[in-house]
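Visitor: Read top to bottom, the protein sequences are chains H and D. 319 is the number that my numbering gives the last residue of the first sequence; the numbers go up by one with no jumps. 137 is the number that my numbering gives the last residue of the second sequence; the numbers go up by one with no jumps.
Watch out, some of these pointers could steer you wrong.
Dumping the calculated DSBU-like pairs for lysine-lysine here, alpha-carbon to alpha-carbon at most 30 Å [stated by the list, open to error]:
| no. | chain 1 | residue 1 | chain 2 | residue 2 |
| --- | --- | --- | --- | --- |
| 1 | D | K38 | H | K262 |
| 2 | D | K38 | D | K12 |
| 3 | D | K12 | D | K61 |
| 4 | D | K66 | H | K156 |
| 5 | D | K38 | D | K130 |
| 6 | H | K156 | D | K12 |
| 7 | D | K12 | D | K66 |
| 8 | H | K96 | H | K156 |
| 9 | H | K96 | D | K61 |
| 10 | D | K12 | H | K262 |
| 11 | D | K61 | D | K38 |
| 12 | H | K156 | D | K130 |
Residues on chain D that point at chain H, a partial pick, calculated with CB under 10 Å [said to hold, decoys possible]:
| no. | residue |
| --- | --- |
| 13 | S10 |
| 14 | M13 |
| 15 | I36 |
| 16 | I62 |
| 17 | A95 |
| 18 | L97 |
| 19 | R98 |
| 20 | S112 |
| 21 | D124 |
Because the hints were derived from the structure by calculation, they are not lab data. Where a beta carbon is used, it is the ideal one built from N, C-alpha and C, also for glycine.
The primary structure of each chain is shown beneath.
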Amino acid sequence: MIKALFWLILTIVIFLIGFAGYRRYPRVWTLPILTVTAAMILILSLTGVSHATYMTGGQYLTKMLGPAITAFAIPLYTVRHHVRRFLPEIGLGVVIGTSIALTSDILFGLLLHLGRTTNLALLPKSVTLPVALSISERSGGTATLTATFVLMTGLVGSLVGPRLMTGLKIRHFVSRGVGLASIAHVMGATKSMTLDQREGAVGLLTMVLTAIFASILAPFIIRFIY
Amino acid sequence: MSTKMRALLSLIGQVILITCFATIGELISKSFDLALPGNIVGLLLLYLALKAKIVQVKHVERGGRLLLLIMPLFFVPALSGIMDYTAFLRQYGLQVVLIVIMSSLLTLVGSAYIVDRLAHRKDEVTPRD
Chain H
94 MIKALFWLIL
104 TIVIFLIGFA
114 GYRRYPRVWT
124 LPILTVTAAM
134 ILILSLTGVS
144 HATYMTGGQY
154 LTKMLGPAIT
164 AFAIPLYTVR
174 HHVRRFLPEI
184 GLGVVIGTSI
194 ALTSDILFGL
204 LLHLGRTTNL
214 ALLPKSVTLP
224 VALSISERSG
234 GTATLTATFV
244 LMTGLVGSLV
254 GPRLMTGLKI
264 RHFVSRGVGL
274 ASIAHVMGAT
284 KSMTLDQREG
294 AVGLLTMVLT
304 AIFASILAPF
314 IIRFIY
Chain D
9 MSTKMRALLS
19 LIGQVILITC
29 FATIGELISK
39 SFDLALPGNI
49 VGLLLLYLAL
59 KAKIVQVKHV
69 ERGGRLLLLI
79 MPLFFVPALS
89 GIMDYTAFLR
99 QYGLQVVLIV
109 IMSSLLTLVG
119 SAYIVDRLAH
129 RKDEVTPRD
């Protein structure tokens, strides 16, 4: 109990340091999600504490992902006027994007001979993390691997995505918001928010719709393949 | 009670209110065995509550902003589990990175390109209000 509390508080303290560091020096490699995770892995390895022991305290932070996702209802509500007009386009984009993401993941996975559990963990990589975790758990994928793949995809998408779309002459705020969030989920939507408020609004809605549609579509694709 | 103290308490209250919505969503998702995860059910419930003016934006706004601001903190424990998978990464790391990049490119181009055509056409047919 004391141990769990210790790891919980230590993570929060290190996060506050990492957060302050990022504020001072905002770069991709100073993102708290990277620096704080690396610091925790380093501390655990040096002290010889297992990840399972760490999770006795860490699990409470993972549980807070639920309320954090629920909290997206608020920005979604306040910016709803920006997206109402383009609801059909956004919906279509989500259906296309999610279908491509899920099928290409599983096909590439089969092609490159990833094992079944890895493939299942990789499948929801473009879905926002708490939802991706529940998709992965329900189908028998590994939660930790899913978390890693989701973060990896989010980083790749939010870094390369905006430039790639500009290169492809994709300029409309609706298509940019849909494109970025349909690969980079919450990280893409957050990135869009910093670029343009309307694009961010589209991104938020895309993230939510992707989570809903992927939860429904993933079991069918898995049943079809395995 | 000082104003600072009151602001802090109201912030905590807002986070608790949002957590209640997430928890109710979780209960609904579990008891009806929904495909939708609880946190998304919670999101829909909170959205409806805002729309129906059962909850006012000012009653959850600051708490929500805090949760979203510190979200990376909530990712750290699950993510640091990668330390148990070094052997896996050595064996499959490259393949996985390849798949992530290829699949992301396909997804982005496929969805954004089509939506871009449609959105531009809509702007031409019915000019922005």
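Visitor: Run every hint past the structure and note whether it holds.
Guide: Okay, the hints, checked on the actual structure:
A hinted pair counts as satisfied when its Cα atoms are at most 30 Å apart, and K38 of chain D with K262 of chain H does not qualify at roughly 44 Å. For the hint pairing K38 of chain D with K12 of chain D, the CA-to-CA distance comes to about 39 Å; that exceeds 30 Å, so the pair is violated. Proposed proximity of K12 of chain D and K61 of chain D is supported: the alpha carbons are some 28 Å apart, at most 30 Å. Between K66 of chain D and K156 of chain H the CA atoms are separated by roughly 25 Å; this keeps the pair inside 30 Å, and the hint holds.
The straight-line distance between the Cα atoms of K38 of chain D and K130 of chain D is roughly 41 Å, outside the 30 Å bound, and the hint therefore fails. Straight-line distance between C-alpha atoms of K156 of chain H and K12 of chain D comes to about 28 Å, which keeps the hinted pair within the 30 Å bound. The hinted pair formed by K12 of chain D and K66 of chain D meets the criterion: a straight-line CA distance of about 17 Å does not exceed 30 Å. The suggested pairing of K96 of chain H with K156 of chain H holds, with an alpha-carbon distance near 18 Å, which does not exceed 30 Å.
For the given pair, K96 of chain H sits about 43 Å from K61 of chain D by alpha-carbon distance, which is inconsistent with the 30 Å threshold. In summary, the hint linking K12 of chain D to K262 of chain H is not supported, as the alpha carbons are separated by about 49 Å, beyond the 30 Å threshold. Of the supplied pair hints, the one linking K61 of chain D and K38 of chain D holds, its CA atoms being roughly 27 Å apart against a limit of 30 Å. Our distance criterion of 30 Å between C-alpha atoms is broken by K156 of chain H and K130 of chain D, whose separation comes to about 42 Å.
The criterion of a C-beta within 10 Å of any C-beta in chain H is not met by S10 of chain D, whose closest approach is roughly 23 Å, and the hint is violated. Against a cut-off of 10 Å between C-beta atoms, the interface hint on M13 of chain D is violated, since the closest Cβ of chain H lies about 20 Å away. Given hint, I36 of chain D at the interface with chain H, is violated; its Cβ is 12 Å from that chain's nearest Cβ, farther than 10 Å. Look at I62 of chain D: its Cβ only gets to about 12 Å from chain H, farther than 10 Å, so that hint breaks.
A cut of 10 Å between beta carbons decides the hint on A95 of chain D: the least distance to chain H is about 13 Å, and the hint is violated. At its closest, the beta carbon of L97 of chain D sits 9 Å from a beta carbon of chain H; the interface hint therefore holds under the 10 Å criterion. With a least beta-carbon distance of about 13 Å to chain H, the hint placing R98 of chain D at the interface is violated under the 10 Å criterion. The criterion of a C-beta within 10 Å of any C-beta in chain H is met by S112 of chain D, whose closest approach is roughly 4 Å, and the hint holds.
Given the 10 Å rule on beta carbons, the hint for D124 of chain D holds: about 4 Å separates it from the nearest Cβ of chain H.
In this structure, the hints that do not hold are numbers 1, 2, 5, 9, 10, 12, 13, 14, 15, 16, 17, 19, in rising order.
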